[in-house]
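J.: This is what each chain is made of:
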Amino acid sequence: MLIVPTVLILYTLVFIVLRILPGDPVLAVLGTKNIPPEQLEQIRHNLGLDKPYIVQYFEYLWNVLHGDFGTSMVISGRSITADLLERLPATVELAIAGLIVSLAIGITTGFIAATKRDTKLDLGLRVFGSVTYTLFIPWLGLMFQLIFAVWLRWLPASGRIDPDVGLETVTGFYILDSIITGNMEAFRSALSHMILPALTLGLVLSGPYTRLVRTNLVKALESNYVLAYHARGVRGSRILLHAFRNALIPVVTYAGLQFALLLGGAVLTETTFDWPGIGTYLVEKVSYRDYPAIQAVVIVFAFFVGVISLIVDLIYALLDPRIRY
Amino acid sequence: MVEILSKALTRILSTIIPSRVSGRGRALVYAGLAIVLAIVFMAIAAPLLTPYDPTRRAGRSFQPPSWEHPFGTNNLGYDMWARTVYGARTVLIVVFLSIVLSMAMGVPLGLFSGYYGGRIDRALSMLMDAIYAFPSLVLAISLAVALGPSLFNAAIAIAVVYVPTYFRMVRGQVLSIKEELFVEVARALGIPTSRIIFRHILPHLIPTIMVVFSLSAADAVLTEAALSYLGLSVQPPTPDWGYDLYKGKGFVLSGYWWLIFFPGLMITLLATGFALIGEGLSEQIRRERL
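These protein sequences, in sequence, are chains R and H. Its first residue numbered 1, the first sequence is counted upward by one per residue in this note's numbering. Its first residue numbered 326, the second sequence is counted upward by one per residue in this note's numbering.
Only chain R is shown next, with the shape it has when bound in the complex (with noise of 0.2 Å):
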């Protein structure tokens, strides 16, 4: 995929969206009080608001291309990047744990499923992959929360990490930071804050894993060089393992695609579980209108999903030996 004309459609679409659909930014924001009207435009005026909108695009381009996502409509002065920044990390984080357990949960199943083909098992197997797809994730999250926070005690209910621990942060992904800082107080309770939004977003994204690993392993099993493999006689696991490489090899291309959804997921799971990442940051920003910080967040997930599709090409060309860049 093309990055950079991807993420600029984008960039242009929010953009018309946020500015030129009705509706005045700087009144909603204020609400409809008697504002005198030469304030307004004082306000306006600061934002940047007063120009042509074909010179507030290209200004904004400019300083987004320059790391700088300008400044917050309803807290005056505050910078959206260092806002981003921060809240960054966690969004990652939650992210690639999210990643890691569909990917454990939908590879297992799904090479279960393919080695015990046709069984009871197989189609128990699938259904659970159709099922757990039209799962709603904020509701899957708030019965984790319920069984294993409320009822049972085992976890803490949200939140990113016990406040008591006294972690010192150095590159704001916790898990990674308290053991850095050899913090092991902190490494546990960042770890038990994670494994509930982490199960609710893995679980969710595992079902299509399931489903491509079990097609993909069966046609490999079926194939001509798993038949001569078996002529040649080498051992069934050795050939398993051989055709299980193979199979992987959309997996990868199906995560980069998926990475979007990903996201999206992340933005209901931070939601429903309190975790101060962009996907809170976006919903709170929504609530109270802020146009450039939600413009931010929009061109922020662009980006990653562009530079995610790029990095998966890379990984493709290792795990196939026969693409060379």
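Check the hints yourself; a few may be wrong.
[Said to hold, decoys possible] Derived CB-CB ranges, DEER-like:
no.: 1; chain 1: H; residue 1: Ser579; chain 2: R; residue 2: Thr171; range: 58 to 66 Å
no.: 2; chain 1: R; residue 1: Asn224; chain 2: H; residue 2: Pro395; range: 54 to 62 Å
no.: 3; chain 1: R; residue 1: Leu176; chain 2: H; residue 2: Glu504; range: 52 to 60 Å
In short, the hints are calculated from the structure, not lab data. The beta carbon of each residue, even a glycine, is placed where N, CA and C say it ideally should be.
Take the given structure of chain R and dock chain H to it, following the hints.
T.: Same frame as chain R, but now just chain H:
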């Protein structure tokens, strides 16, 4: 147009009540239809199913499920079963509106773009791919914010997000169908292009459109629920499952499970119903092609 519709209807009916449809696909379609129709029935017959008004106090607050209040009552003492049956109306209206809207935009765009090709096709495809690659929920959120929270605006936001799904699928199919002999014959006979597109090509796409319709309906249910969970769809006190679930979130720590379990279960059930229909139909199409 009438002819296309009647063909589509026969097609759907022959899939639902078929003699030639085989096991698994049919079972899935039946199961999905049973769920969806039950919820549609709930929405239509809501006043018959509950004596309570979903926006009026029906008793003490926080009553657990009982014969009197099968789904319990919430913090305001509203009957949750009444909110569930009336909430079905809200979600079904939004989903229906949004799917029809996105189909009305995506299908014709895909047809013309695929048939004519050229520069406009390339530009449109790029735009649609960009939207498609992006997290649909985040896009729906920013659209809903820009339009302002209401039932109709939520439907528009969801519709825009799913236009690329229809566009890509229709365009892809048109690209291969337009090379077939019958299209060439139609062109040689001097049949006007719009007639070729709508009368000769479109009917071939109806089975696939049906599949995408039910799968995107499942996604639309989840997106609508997400928007109202985030306060971007209908405004209180209108009954809506996503909003009720959000309200229930505040009482997790008190252990009032019925405020969370039932609204979320309904969202998941309806989405599963649509998804099952879609999967059953696509299994059916795959079998026919073999």
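J.: Please go over all the hints and tell whether each is borne out by the structure.
T.: Now the hints, each set against the structure:
Taking the beta carbon of each, Ser579/H and Thr171/R are about 37 Å apart, not inside 58 to 66 Å as hinted. Asn224/R and Pro395/H have their C-beta atoms about 59 Å apart, which keeps the hinted 54 to 62 Å range intact. Judged by the Cβ atoms, the range 52 to 60 Å given for Leu176/R and Glu504/H holds: they are separated by roughly 54 Å.
In terms of the numbered hints stated before, the structure departs from hint 1 and from no other.
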